[in-house]
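J.: If you read the sequences in order, they're chains A and B.
The opening position of the first sequence corresponds to residue 2 in my numbering, with each subsequent residue numbered one higher.
The opening position of the second sequence corresponds to residue 275 in my numbering, with each subsequent residue numbered one higher.
Don't read these hints as lab results, they were simulated from the structure.
Where is the CB? At the ideal position from N, CA and C, for every residue including glycine.
A few of these clues could be false.
[Claimed, not checked] Partial list, computed: chain A residues near chain B (C-beta under 7 Å):
#1 Leu196
#2 Arg202
#3 Leu204
#4 Gly205
#5 Gly249
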Amino acid sequence: MLGPLAVLSLFIGAVPVSLGGFLHDPEGQQLLLVSRIPRTLAAILAGAALAVSGQIMQILARNRFVEPMTAGAGQSAAMGILIAAMLFPATAIWAKMSIAALTTLAGSLGLLLILRPLPPTLPLLVPLVALIYGGLIDGLVTFIAFQADMLQYVGTWMTGELSGVLAGRYELLWLAGGAAAACWIIADRLTVMSLGEDAARGLGLNTKLVTGAGLVAVSITTAMVVVTLGAIPFVGLIVPNIVARRMGDNLRRAIPVTALSGAVLVLGTDILGRVLRAPYEIPVSTLVGLLGAAVFLYLLYREPARAA
Amino acid sequence: MIRVDQVSHQIGGAPILHDISLEIPKGGITALIGPNGAGKSTLLSLMARLQVLRQGEIHIDDMQIGKVSDRVLARHLAIMAQSTHVSARLRVEELVAFGRYPWHRGRPGPEDHALVEAAIARFGLGPMRARFLDEISGGQRQRAFVAMAFAQDTDYLLLDEPLNNLDIAGARSLMRLLRQMADEDGKTVVIVLHDINYAARFADRIVALHEGRVAAQGPAAEVVTDALLRDVFGTDAEVSVIDGQPVVLV
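Could you put the whole structure together from the sequences, leaning on the hints where they help?
T.: Pasting the structure below:
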C-alpha cells in the first residue's frame, strides 16, 4: 500500500506534472527532486517514526492511551524551539534541534515521573493526566510566546504540515527514522519491559537503561518531527493501538508493521490534504487530528470492557 | 540455600521487618504465611532484589543480594510477582519464550526453543499457545507465568501470592505443578500464601511472620496450631488434624 501511495504522492500538487514531464522536462525534474520526493520521504519518515515512538511511550508509561505528541513531549519540543529562538536567535538549525531534543527529553521524563504513582487499576486516569500535563506545557509555551510577541512564530510549530518541505529542509527526519529503527534493534528488551518492572528485572533486564534508551528515542523522534514539520498528533496513538489489537505487542514483529502503517497514515492524509481543496492544502495535522480524535474516543470507550 | 541475616526494613519510615534471620534450605517448598502487613511480601521482594536491601544481608547460595548483578541472578532465581496483570498483549507462547531471555539475551538458539516447547507441553498450554494473555482465564494465565518461570530454568523460584483470584481447581492445579517442580526437578520454591490450608497441604516448611518478625517455622504439623492462629493471626479458629495434616476449620 505504501508503494502506490508514494508514487501517487509524486504526481499530486499545486503544479500538475505528468510522467513525461518528470522524465523529460528539466523544470519537472527539478520539481520532483526538490519538492515531491522530499515531501513524500518526509511523510513516510515522520509517519513511521511517530507511530513507533507512540508504541515505545505506551510501554514506558505502561498505558495504551499515552502519546508523546499530545502528552508533553510535543509541547516540550515547541518550548525548546522557543527558548532557542529567544536566547540564541541567530543559531543554526542543528543547535535549535539539539535544544528541542533536550527539552523534549526533560518533558518526557517529567511525564513518566508524574505517571508513576498513578494506580494501574485506573487506566483512564493516565491519558487524562498526560493530556493535562501536555496542556500545561502548551499553556506555558503560549504565555512565554505571547509575552515575547512570538505567538505566530510558535504557531508554525504547533500545526504540523508538509507544504514547506523542500530538499535540504527535511533531512533531520532521517534522524527520527534512525531512532525508530534503533528501537527495533532493542525490540526484545522493550517487550520484556512491557511485562512490568518487577518481571523485567526478574529476567535480568537493566530496566533503567532500557527506559532511558526508549525515552531518548521518543524524544529525538518527537523533536525532529516538530522542528521540521510541526506537531502531528494522534499518529502515535491510533497506529500502535490498532496494530496491537491485530498482532499483539511482541515488538520484534510489531514495530515494522507499526512503522509501515504510520507511514501510510501520514502519507495518505497528506495526499488527501493536497487533493481536497486543491490548489489549497489542508495541514496533515488537522486531518490526522480529526481522524485520530474519533478513533481515540472509540478506543477509550471500548478498551475497559476488554481489559476487565 | 537462601540465608537471611539480620534483615530489617522500613518503608516510608514505618518499620516492616525487624532483624529477621532465616535459612531456607535447598529443595522443597517453603511457604511464607502471616496476617496482612506481617511483611511476607516485603521479605520475598527483598530476596528477589526487587526492593533495595538496606540493613542486613541475604545470600542466595554464594551470591549476595545487592552485590550480584540482575543479569547473573536471573539465571539462578525466577520471580513471579504478585500482579501478573500485564497490559501488553502477548501470546502465551511468546510469554513463555521470554523466560529464556536471561540465557540468550535476544538471540534464542535451538536449546532455548526446545526448553520453551518442553515448558508449554508440561504445563498443558499447547491448546492455547497462540492465544493472547487477555483472552484466557485467570488460572490459565497464572499457569503461563509459572511456565515462563520454569523455562527460565533457575534453581530458585519465588512466588508472591500466586493463588490470588484463582478458584479452587485453579489453585490446586497450580500448587500441584509447583510440588512437581520441587519433587521432580529439584527446584527450591518459596511462596507467599494467604491461605494457611494451602500452605499446610503443599509446603514442606512454613515460616510464619508476625509484625515483621519470625513467629514460627518448621513443618506444617508443628507450626499450624491453635496457638499460632490465636497469637499470630488473632483469630480463635480451631485446627483439626485430618490424615496427619493440620487443617484450619474456618
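J.: Output the indices of the hints that this structure fails to meet, ascending.
T.: none
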